[in-house]
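Make the full structure from the sequences, and use the hints.
2 protein chains.
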Amino acid sequence: VSAETTFIAALRALATAPAARGLIDDAAVLEVGGTRLVLTHDALVEGIHYRSDDPPEDVAWKLVAVNLSDLAAKGARPIGVLLGYTLGNPDWDEGFVRGLGRALDGFALPLLGGDTVAGPSGAPRTLSLTAIGEAAGPVPSRAGAAAGDELWVSGAIGDAGAGLAILQGSLHGDEMLVRRYRTPRPRLEAGQALAPLVSAMMDVSDGLLIDAGRMGHASGLGVTIDLDEVPLSEAYLGALGEDRAARLRAATAGDDYELLFAARTKDRHPIAKLAERLGLPLTRIGQLEAGAGLALRDRAGPVPLPERLGWEHGRG
Amino acid sequence: VSAETTFIAALRALATAPAARGLIDDAAVLEVGGTRLVLTHDALVEGIHYRSDDPPEDVAWKLVAVNLSDLAAKGARPIGVLLGYTLGNPDWDEGFVRGLGRALDGFALPLLGGDTVAGPSGAPRTLSLTAIGEAAGPVPSRAGAAAGDELWVSGAIGDAGAGLAILQGSLHGDEMLVRRYRTPRPRLEAGQALAPLVSAMMDVSDGLLIDAGRMGHASGLGVTIDLDEVPLSEAYLGALGEDRAARLRAATAGDDYELLFAARTKDRHPIAKLAERLGLPLTRIGQLEAGAGLALRDRAGPVPLPERLGWEHGRG
Chain A
1 VSAETTFIAA
11 LRALATAPAA
21 RGLIDDAAVL
31 EVGGTRLVLT
41 HDALVEGIHY
51 RSDDPPEDVA
61 WKLVAVNLSD
71 LAAKGARPIG
81 VLLGYTLGNP
91 DWDEGFVRGL
101 GRALDGFALP
111 LLGGDTVAGP
121 SGAPRTLSLT
131 AIGEAAGPVP
141 SRAGAAAGDE
151 LWVSGAIGDA
161 GAGLAILQGS
171 LHGDEMLVRR
181 YRTPRPRLEA
191 GQALAPLVSA
201 MMDVSDGLLI
211 DAGRMGHASG
221 LGVTIDLDEV
231 PLSEAYLGAL
241 GEDRAARLRA
251 ATAGDDYELL
261 FAARTKDRHP
271 IAKLAERLGL
281 PLTRIGQLEA
291 GAGLALRDRA
301 GPVPLPERLG
311 WEHGRG
Chain B
317 VSAETTFIAA
327 LRALATAPAA
337 RGLIDDAAVL
347 EVGGTRLVLT
357 HDALVEGIHY
367 RSDDPPEDVA
377 WKLVAVNLSD
387 LAAKGARPIG
397 VLLGYTLGNP
407 DWDEGFVRGL
417 GRALDGFALP
427 LLGGDTVAGP
437 SGAPRTLSLT
447 AIGEAAGPVP
457 SRAGAAAGDE
467 LWVSGAIGDA
477 GAGLAILQGS
487 LHGDEMLVRR
497 YRTPRPRLEA
507 GQALAPLVSA
517 MMDVSDGLLI
527 DAGRMGHASG
537 LGVTIDLDEV
547 PLSEAYLGAL
557 GEDRAARLRA
567 ATAGDDYELL
577 FAARTKDRHP
587 IAKLAERLGL
597 PLTRIGQLEA
607 GAGLALRDRA
617 GPVPLPERLG
627 WEHGRG
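Chains as they are written, first to last, in my numbering: chain A, 1 to 316; chain B, 317 to 632.
None of these hints come from the bench; they were simulated from the model.
This one's a predicted model, so the numbers in the text were calculated from it and none came from an experiment.
Partner residues are not named here, just some residues of chain A that face chain B (Cβ under 10 Å, in silico): (1) P18; (2) R21; (3) V32; (4) V97; (5) G114; (6) D115; (7) A123; (8) T130; (9) I132.
Idealized CB from N, CA, C, for every residue including glycine.
Shown next as structure tokens:
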């Protein structure tokens, strides 16, 4: 058991308010007056969640995007953010503010406050954001799936992981993959539109397999994923192909910031219509059934689980 | 101009929403539905805001307390917190959770969520909290004082600074002073009761003089403080005496987490009644007048400003 797991278990024992959702969800849901607030706080650590040589503009974008992705997964509309910033060197900080400005503009998002501290020089920095959202309708949790529900995912999976490999020098591929790693797009519009249609929803941050397993666990169900159905982009296919290894790699890479959701079979049609309206692929990749654990299959039959399902660091 | 000042000025240019209060206030005030939310995010950096040898239980308490102090200064009732935590060693983390549990219990405060990250080993850690409050009545800013208003402060000033000096080995004194440094008490009840009576309010975190100067600057007024009126505790007097040097030291020490507020002369009586009801001294220490800048006096006449007015790091 890792130190992090122990610590989070101890925190969980303190987080007894229903609004905390047991700290297992992407965000807290707090009723205030007649409003349901959706609250999330995610940090990026240099060298872990971003690379020291990532442009600071992109790091700012990513910090905003990963937090808004949590709100998207709860169907919430962002209404403001607070920044927790550790100063770096002045040029980097200036680039960060420029990127932050672009992200705030891009999402029409008010910067409300925060705290800036001087970090110890040379040490890797931690940048954090608290995002506040307002629920437009129901606020799906990751624990709400029912036996028989189908599992869906938005967009394409694996691009960001391939982009990271390109930056690490271990892969050649389209620059678009790097952009998907550095500047993910939170699926805000899709999240709000899907919230009334789904039984459970979360974002894919640590890896499709590990995150799907978490949804199953939280819902008290087993999950089966059909690897052949995992949506891959043209750029991903061009860089890595589409054999089983490439598909497993995509499904365990993380940093996708796509929506993973469960829905009833009867809602296939409205979901397909929604995908059309949004211009965003929504793909059925599996189902949830009575039982426990994660299983994989492809056209050839059952596929053994890879040793590593994604990032264990428990983002969110 | 420090890197921090430049960075915060650049952020300020982005924080154009009225809710952000220009990033000069202790907290943001966001209207959602019929509710005014008060939001703050403050970090503690090891070696800067707390000492490596402070008990982790007390660091947890302080992290909660300094954030709630910002809410207190806005007259808000805390409704939840999100924790941004960097893992240390398991024993320390366990102590932190224990202290956090005590603080959450003590303030009847729900832990709603947050993010836990593994820090680079050996590097000083940053711990942060986002506190969410609900305004019970008016939400005083630090910019609302009017010429002729009187300046008040709660509790006693300088204890925490003396406590820090004791821990640093440069002073002998009562253990109570160390407790005031390690486990400050946010003035929540007083803040809520004062909010309708004051024209401006903030907490004293960086030092009475620097913070009073900030209130004057934000309000477009000059501030005069009578050093003889600055309230000192018995423990402080016992350790440092009450001569001008001791008073200047108290007024520039910081970490007090007392309330500093401006009020009209006509409200002296209800404020005195409130002090009685709360069992908390509320002391008139000066006034705000047309003009600019900070001036000091004592019974002997004008007192030259010390070179250092408090901490410049701009907490909050």
